[in-house]
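There are 2 protein chains.
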Amino acid sequence: MSNHALVLFAHGARDPRWAEPFERLRQIVEEQKPGLVVSLAFLELMTPRLPELIAQLVQDGCTEVTVVPVFFGQGGHVLRDLPVMIDEIRHQYPLLQITVAPAVGESLDVLNAIGRYCVGMLGNG
Amino acid sequence: MSNHALVLFAHGARDPRWAEPFERLRQIVEEQKPGLVVSLAFLELMTPRLPELIAQLVQDGCTEVTVVPVFFGQGGHVLRDLPVMIDEIRHQYPLLQITVAPAVGESLDVLNAIGRYCVGMLGNG
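Each protein sequence line maps, in turn, to chains A and B.
For the first sequence, position 24 matches number 24 in my numbering, and the numbering has no gaps at all.
For the second sequence, position 105 matches number 1105 in my numbering, and the numbering has no gaps at all.
One should not assume that every hint holds.
For each label pair, taking beta carbons as the anchor points, the in silico distance ranges come out as [stated by the list, open to error]:
#1 B/Arg1017 <-> A/Asp109: 19 to 25 Å
#2 B/Glu1020 <-> A/Glu52: 27 to 33 Å
#3 A/Asp109 <-> B/Leu1045: 25 to 31 Å
#4 A/Gly76 <-> B/Glu1030: 23 to 29 Å
#5 B/Pro1051 <-> A/Gly61: 50 to 56 Å
#6 A/Glu31 <-> B/Arg1080: 27 to 33 Å
#7 A/Arg17 <-> B/Pro1051: 24 to 30 Å
#8 A/Glu52 <-> B/Thr1063: 27 to 33 Å
None of these hints come from the bench; they were simulated from the model.
Every residue gets a Cβ at the ideal spot worked out from N, C-alpha and C, and that includes glycine.
Build the full structure now, drawing on both the sequences and the hints.
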């Protein structure tokens, strides 16, 4: 495997259908970047959680991880819960290079794409 | 105002910063479709809630509403909570034409844009 892994970090939910777009996104990123290992990790209610996924990636020989929060807003989960988890991971794996990107909702390109989708949903009304 | 309003329906959170990307999205959609009234509504923790926003839109003369759930996944909130709210709104405003779009995470264009953002976050590593 590549030494650099991408982790898509999402909230999680009780309903298994909730994970479907994230799994689709995972496949899309793998297609956009062949050879890259792309994994999902969840904050709660779904597995794997971030710490157990990181443990697995390290065991597989990964030396660098980029975590992208697949959240629209930078609320408590991204600004408070995630940094605590990342600190613990850094403490546990001091040799692992770990980067946390801003949440996807911070990307203007992403918001523009959502905007186009919204306008498209208006139909002819 | 236009008779057709677009409502961006989001989850809500305690942290006010959480609403920022949704407000940015609201402005983007208004720029993409000048003249369209675009409003935010929240499921919980933030205001306005969907029923009170709809009441206001109807009072302002709106006759048609398109609700776009700004959620990645179609979990319990979109598949269970939202339809209940929409049913109540339909019951209360039988003349209002109300359409609910699939969640934005169902759009392949949106997922592709998120994917490009993720790949961009890898840097040169």
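Note to self: Which constraints among the numbered hints does this structure fail? Numbers only, ascending.
What the structure shows: 8
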